[in-house]
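These protein sequences, in sequence, are chains A and B. Heads up: the first sequence runs through residues 32 to 457, numbered per this note's numbering. Heads up: the second sequence runs through residues 32 to 457, numbered per this note's numbering.
Hints listed in this document are in silico derivations from the structure and should not be mistaken for laboratory results. Don't be surprised by glycine CBs; every beta carbon is placed ideally from N, CA and C. Hints may contain errors.
Derived contacts from chain A toward chain B, CB cut-off under 10 angstroms, selection only [said to hold, decoys possible]:
no.	residue
1	Ser97
2	Val209
3	Val222
4	Arg231
5	Glu385
There are 2 protein chains.
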Amino acid sequence: MSTAILPSATTTTSPFGSASHLQCRECGARYSLGAEYACIECFGPLEVGYEFGTVTREQIESGPLSIWRYSALLPVSATAALEPNLAPGFTKLVRADNLARALGMTGVLWVKDDSGNPTHSFKDRVVAVAQSAARRLGLSTLSCASTGNLANAVAAAAARGAQPSVVLIPSDLEPGKVVTTAAYGTTLIAVEGNYDDVNRLCSELIGDPVTDDWGFVNVNLRPYYAEGSKTLGYEIAEQLGWRLPQQVVIPIASGALLTKVDKGFREFIDLGLVEETPYRIFGAQAVGCSPVEQAFRAGHDVVRPVRPDTIAKSLAIGNPADGPYALDVVRRTGGSIGAVTDEEIVEGIRLLAETEGIFAETAGGVTVATLRALLRSGELDPTAETVLLNTGDGLKTLDAVSPHVGPAGTIAPSVSAVVDLLGGAA
Amino acid sequence: MSTAILPSATTTTSPFGSASHLQCRECGARYSLGAEYACIECFGPLEVGYEFGTVTREQIESGPLSIWRYSALLPVSATAALEPNLAPGFTKLVRADNLARALGMTGVLWVKDDSGNPTHSFKDRVVAVAQSAARRLGLSTLSCASTGNLANAVAAAAARGAQPSVVLIPSDLEPGKVVTTAAYGTTLIAVEGNYDDVNRLCSELIGDPVTDDWGFVNVNLRPYYAEGSKTLGYEIAEQLGWRLPQQVVIPIASGALLTKVDKGFREFIDLGLVEETPYRIFGAQAVGCSPVEQAFRAGHDVVRPVRPDTIAKSLAIGNPADGPYALDVVRRTGGSIGAVTDEEIVEGIRLLAETEGIFAETAGGVTVATLRALLRSGELDPTAETVLLNTGDGLKTLDAVSPHVGPAGTIAPSVSAVVDLLGGAA
C-alpha cells in the first residue's frame with residue numbers, strides 16, 4: 032500500500048510530478064512553476080497545468096490510503112507521500128439510507144465525510160499539497176490567514192513537518208479555535224480587525240523581507256493548494272466503483288472546492304479512468320453570505336461582494352475569488368445553487384446527526400439544508416444518485432447547536448425517577 | 032474491499048460468528064451466549080470464548096477498511112459489516128520520528144491514533160461490537176452511563192442504526208459534552224450525582240421492565256463490547272507488516288483496553304498470523320486516579336479503589352473492573368505502569384501536538400507523559416520499537432489546554448506590526 036506512484040519515467044525526478052506550468056485562467060498566459068498566483072498580464076488567477084502520462088486504476092489502487100494515491104495527478108513529486116505530512120484523504124463515503132428516507136429520496140444518497148481527516152476538515156487536503164509545493168520552492172515557514180479549519184490544518188501540518196508556521200487570525204476569534212490552533216505550537220498572531228483585514232495583511236506581507244521564506248498556503252501557494260481539492264472528486268469516483276454520481280451537493284466559500292471537484296471528475300474522464308456519464312453539480316450557501324447564489328439566481332456572470340452575517344463562519348467569504356468559476360460549473364452541468372437560513376443550518380446539522388450519526392460543522396448543515404431545499408423546489412432529482420460533501424466537524428462549532436439540544440430531564444439517581452421521566456416522555 | 036469474511040462454512044450462519052460461549056474469568060464456569068456479564072457461581076466477570084477456524088492474512092487484507100476486517104475473530108455474525116454501523120477502526124499508525132527525537136529514543140516510535148474514529152475515540156470500536164450483539168440478542172435500545180466519549184459513540188451508533196438510545200450522564204457534566212451527545216438525537220438523562228452514582232443506577236435499571244429491550248453496552252453487553260478493543264492490537268500488528276512491536280504504552284481506565292490489546296496479540300500468535308516475538312506492555316495512569324499503578328508499585332494483586340481527582344476524566348475510574356487483569360498482563364510481559372501529574376498531562380498533550388500534529392485528549396497526554404516518565408526511570412527501553420496508543424481527541428478536552436496556550440501577541444493590521452512582533456520574539 033506504500034508503493035510510490037510513478038506516472039512515467041520522465042516525471043520521477045520532476046519536483047512537481049506531471050505538473051508542467053502555471054496558466055492564467057482568464058487570458059491563458061503561461062508561467063513556469065513558482066510561488067506565483069496572479070497573472071502579470073491581466074491579474075487573473077493562476078492554475079496548475081499538467082502533461083499527464085498514463086495513469087491506471089491499478090496504479091491508484093496500489094497506492095497509500097490517502098490523497099497520495101493520486102500523486103500522479105497532483106503538482107507534487109512522486110515521493111510526496113514519503114515526506115513528513117499528515118496523510119489526509121481517503122475519508123469514508125457513507126451510504127446514507129436513513130437521511131435519504133427522511134428527505135423522501137428514492138435515489139441512493141451518499142455522504143462524503145471529510146470530518147475524518149487528521150484535523151477534521153477538508154483543509155488538510157489542500158494544505159498537504161501546499162506543504163509539498165513549499166518544500167520544492169524553498170519556503171520553509173507555512174503561513175495563512177484563517178478563522179478556524181485552515182488555521183488548524185496549517186499549524187498541525189507544520190508541526191508534523193518539523194517546520195515553523197505563522198498563523199494570522201482576527202483578534203475576536205472564539206477562544207476554542209484559538210486553543211486548537213495554538214496547541215500545535217504555531218506562532219499565532221491575533222490581528223485587530225476582521226477576517227478581510229487579516230487576509231489583506233497577508234497579501235501585503237508578501238514581498239517584505241520578514242516573509243522571504245514564508246509560504247502562505249492560500250495566497251502565494253494557492254495554485255498548488257487548490258489542486259488538493261480535486262482529490263475529493265477522485266475519491267468519490269473511485270469509492271463509487273470507478274464511476275461518477277448523477278448529482279453532487281457542495282458548499283461554496285471561495286468556490287474553489289466546487290470547481291476542483293468538477294475538475295477532478297473531468298480529469299478522470301479524460302484519462303479514461305471513468306466513463307463519461309452526465310453529472311450535475313449543486314452549490315450550497317448560507318443566506319447570510321450568498322453572493323454566488325444571488326448571482327446564479329439573477330443570471331449574472333459577475334459575483335457582487337456581500338458583508339457576511341451567518342453562523343456558518345467557514346463559508347463566510349463575502350468576495351469569493353472562484354465565485355465566477357463556480358457559476359460556470361453549475362451552469363455547464365445543469366445544476367443550481369441554493370441558500371439556507373441559520374435556522375435551517377442548525378436543522379441540517381441535527382438531521383444529519385440524528386439520521387446517520389455524523390456530527391457536522393455549520394458548513395455541513397448548510398449542505399444538508401440546501402439539499403433539502405433543492406429537493407423541495409424540484410431543482411434536485413430525488414430519484415438520482417446523489418453525493419453530499421461534509422467538509423468539517425461539529426466539535427468545532429458547538430455554539431451553533433448548543434442552544435437547541437440538551438437533556439430530556441434532570442432526575443434523582445433512582446430507577447423510579449427514570450421510569451417516571453420516560454413514561455412522561457412517551 | 033467489501034468482501035465479507037467467512038471463517039468457515041459452519042460459522043457463516045452463526046449469529047456470533049466463531050464465538051461459542053461465555054466463560055467466567057475467575058472460576059471458568061461456562062454459559063451460553065446471552066446478555067449476561069457476571070458469573071452466577073462466583074460473581075466473576077464473563078468473557079467471550081471462541082472456536083476459531085482458519086484465518087489467513089489474505090482473508091483479513093481483503094476485508095473492509097474497518098474493524099470488520101477482523102469479523103472472524105469477533106463475537107459477531109459474518110454479515111456485521113453489512114448492517115448499519117459507523118464502521119470504526121483501521122485508524123492510522125503514524126511513525127513519530129519527531130516525538131522519538133524529542134524523547135531521546137533511538138528505537139522507532141509509532142502513534143496508533145484512534146482520534147480518527149467516527150466520533151474520535153476508541154469507544155466507537157467497542158460500541159460497534161456491542162451494537163451487533165444487541166441486534167442478535169433482541170435488545171433494540173442502546174444505552175450506557177458515560178461522561179463523554181462513550182456517550183458520543185453510543186448516541187451516534189444508535190442514530191446510524193436507526194435505533195433508540197438512552198444515555199445517562201452526571202448532571203454536572205461540561206456543557207460541551209452534553210451538546211455533542213444530544214446532537215445525535217439520543218434520549219439524554221442527566222442524573223443528580225457523580226459518575227459512580229450514574230453507573231450504579233444503570234446496574235439497578237437492568238431487570239426493571241422499562242429496560243427490557245435495553246442493551247447497556249458496558250454492563251449487560253460488556254463481554255461483547257470489551258472484545259472490540261482487541262482490534263487495536265490486531266491493527267497494530269497488521270499495520271507493522273504482520274509482526275508485533277517490542278513495547279506498547281496503553282492508558283488504563285477500567286483496564287479492559289490494555290488486557291484486550293494483549294489478547295489480540297496472543298490470538299494473532301496462536302492463529303499463526305504473526306511470529307511469537309517478545310513484547311512488553313506498559314500502563315499509563317494519572318496521579319489523580321492511579322489505583323492500578325499503586326497496586327503495581329506495591330506488588331499487590333488487588334486494586335484498592337480511589338476517589339478520582341484529575342483532568343483526565345476519561346481515565347477517572349476509581350474502582351477499575353479489569354485492574355487485576357491489567358496487572359497480570361503488565362507483569363507477565365515484563366512491562367510496568369507509570370502515573371503522571373495533571374501538569375505533565377498538559378505537557379504530554381502539547382508535546383504530541385507540537386511534534387507530530389496530533390491533538391490528543393487528556394488520556395493521550397497521560398500516555399505520552401507516561402512514556403516520557405518511564406524512559407527517564409529506565410523502565411522503558413529507548414532503543415526498542417514502541418507503539419503509543421492515542422485513544423481520543425483534543426477537541427473534546429479543550430479546557431485542559433486553554434490556560435496554557437495562546438497568541439504570541441495581538442497587533443494592529445500592519446506589516447510593521449508583524450515585523451516588530453516577530454523581531455521581538457526572535
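How the hints compare with the structure:
1. Ser97: Interface hint status for Ser97 of chain A: holds (9 angstroms vs cutoff 10 angstroms).
2. Val209: 6 angstroms, holds
3. Val222: Status holds, d = 5 angstroms.
4. Arg231: 7 angstroms, holds
5. Glu385: Holds. Min distance 3 angstroms.
Hint check: no violations occur; every hint is consistent with the structure.
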